[in-house]
Amino acid sequence: MRRERRVVMLDDFKPTWMVESLYHISPEKLKENGIDTILTDLDNTLIPWNNSIGTNKINEWIRFMKENGINVIVVSNNNPKRVGIAVEKLDIPFVAHALKPLNRGIKQTLKRFKLTPKQVVMVGDQLMTDIWAANNCHIKSIWVKPLVETDMFPTKINRFLESVVYKKLKKKYPNLNWKEDIY
1 MRRERRVVML DDFKPTWMVE SLYHISPEKL KENGIDTILT DLDNTLIPWN NSIGTNKINE
61 WIRFMKENGI NVIVVSNNNP KRVGIAVEKL DIPFVAHALK PLNRGIKQTL KRFKLTPKQV
121 VMVGDQLMTD IWAANNCHIK SIWVKPLVET DMFPTKINRF LESVVYKKLK KKYPNLNWKE
181 DIY
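Taking UniProt numbering, the leading residue of the sequence shown gets 1, the next gets one more, and so forth.
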């Protein structure tokens, strides 16, 4: 049986929500939307890409989420060693080599932690990987601004493509704007 090919459409890159930063996401709003688990990208979403460890601010945010019944799991394209070092002090689980925008890493996470698509949200700073992967898995997504303005070379290419895609999304969905929290 041949596998049917699917054409990539503009809506494949449309985030459910756009929030200024991870720190603006409230557990109350997540719960209102039936979400109890955040799947988060690592680099430039949870910590700066050029920082191998988290900050006190991210530790406080994770603790706050946990205290409010929200689980946090890192889903990263990075190798296990890099991700392990980065999240060790944060005391949160992770899945590495996620291969976003493919759905492999997210599906692996859902299976490993016995989660359903309706109870999770993918948070990331890239339309071309994080948001597309979430849409490939039929889960909600939150696009956040990158923590730092610099990027590794491959990400710079994605940022260029992302700017083109976002302009087209904005034209199709004029109300697609950065917010202070999910609505």
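Errors might be hidden in some of the hints.
PhoX-like mimics (lysine-lysine), calculated; alpha carbons at most 20 Å apart, straight line [said to hold, decoys possible]: (1) LYS66 with LYS118; (2) LYS145 with LYS167; (3) LYS156 with LYS145; (4) LYS168 with LYS156; (5) LYS31 with LYS81; (6) LYS170 with LYS29; (7) LYS89 with LYS107; (8) LYS156 with LYS172; (9) LYS89 with LYS114; (10) LYS179 with LYS14; (11) LYS14 with LYS170; (12) LYS31 with LYS89; (13) LYS31 with LYS118; (14) LYS179 with LYS145; (15) LYS145 with LYS118; (16) LYS89 with LYS29; (17) LYS57 with LYS171; (18) LYS179 with LYS31; (19) LYS179 with LYS168; (20) LYS179 with LYS29; (21) LYS14 with LYS118; (22) LYS14 with LYS145; (23) LYS14 with LYS57; (24) LYS111 with LYS14; (25) LYS66 with LYS81; (26) LYS14 with LYS114; (27) LYS145 with LYS114; (28) LYS66 with LYS170; (29) LYS29 with LYS118; (30) LYS66 with LYS114.
If you anchor each label on the Cβ, the simulated ranges turn out as follows [stated by the list, open to error]: (31) LYS66 with ARG112: 15 to 23 Å; (32) PHE64 with LEU10: 20 to 28 Å; (33) GLY84 with GLN119: 35 to 43 Å; (34) GLU149 with GLU67: 16 to 24 Å; (35) ASN177 with ASN33: 28 to 36 Å.
Bear in mind the hints are in silico, worked out from the structure with no lab data behind them.
Quick caveat, the model's predicted, so the values are computed rather than measured.
For glycine and all other residues, C-beta sits at the position ideal for the given N, C-alpha and C.
Here's how the hints hold up against the structure:
1. LYS66 with LYS118: Holds. LYS66 to LYS118 sits at ~19 Å (cutoff 20 Å).
2. LYS145 with LYS167: OK: LYS145 and LYS167 at ~15 Å, within 20 Å.
3. LYS156 with LYS145: holds (14 Å)
4. LYS168 with LYS156: Measuring from Cα to Cα gives roughly 19 Å; hence the hint holds.
5. LYS31 with LYS81: Given pair LYS31, LYS81 is violated - Cα atoms ~32 Å apart, limit 20 Å.
6. LYS170 with LYS29: The hint is violated at about 24 Å.
7. LYS89 with LYS107: Distance of about 25 Å is beyond 20 Å: violated.
8. LYS156 with LYS172: Violated, because 25 Å separates the two Cα atoms, which is more than 20 Å.
9. LYS89 with LYS114: Not satisfied, since the Cα-Cα distance of roughly 24 Å exceeds 20 Å.
10. LYS179 with LYS14: This hinted pair holds, its Cα atoms lying about 15 Å apart.
11. LYS14 with LYS170: holds (10 Å)
12. LYS31 with LYS89: Given pair LYS31, LYS89 is violated - Cα atoms ~26 Å apart, limit 20 Å.
13. LYS31 with LYS118: Given that 20 Å is the threshold and the Cα spacing comes to 11 Å, the pair holds.
14. LYS179 with LYS145: holds (11 Å)
15. LYS145 with LYS118: Judged against 20 Å, a Cα distance of about 24 Å means the pair is violated.
16. LYS89 with LYS29: violated (27 Å)
17. LYS57 with LYS171: violated (35 Å)
18. LYS179 with LYS31: holds (18 Å)
19. LYS179 with LYS168: Holds, because 19 Å separates the two Cα atoms, which is no more than 20 Å.
20. LYS179 with LYS29: Roughly 13 Å separates the two Cα atoms, so the pair holds.
21. LYS14 with LYS118: At roughly 17 Å apart (the allowed maximum being 20 Å), LYS118 and LYS14 satisfy the hint.
22. LYS14 with LYS145: holds (15 Å)
23. LYS14 with LYS57: Violated, at roughly 29 Å.
24. LYS111 with LYS14: Distance of about 25 Å is beyond 20 Å: violated.
25. LYS66 with LYS81: The given pair, whose Cα atoms are some 24 Å apart, is violated under the 20 Å limit.
26. LYS14 with LYS114: Judged against 20 Å, a Cα distance of about 26 Å means the pair is violated.
27. LYS145 with LYS114: violated (29 Å)
28. LYS66 with LYS170: violated (34 Å)
29. LYS29 with LYS118: Since the Cα atoms of LYS29 and LYS118 sit roughly 14 Å apart, the hinted pair holds (cutoff 20 Å).
30. LYS66 with LYS114: holds (18 Å)
31. LYS66 with ARG112: 15 to 23 Å: holds (19 Å)
32. PHE64 with LEU10: 20 to 28 Å: violated (35 Å)
33. GLY84 with GLN119: 35 to 43 Å: violated (25 Å)
34. GLU149 with GLU67: 16 to 24 Å: This hint is violated: roughly 32 Å between Cβ atoms.
35. ASN177 with ASN33: 28 to 36 Å: violated (18 Å)
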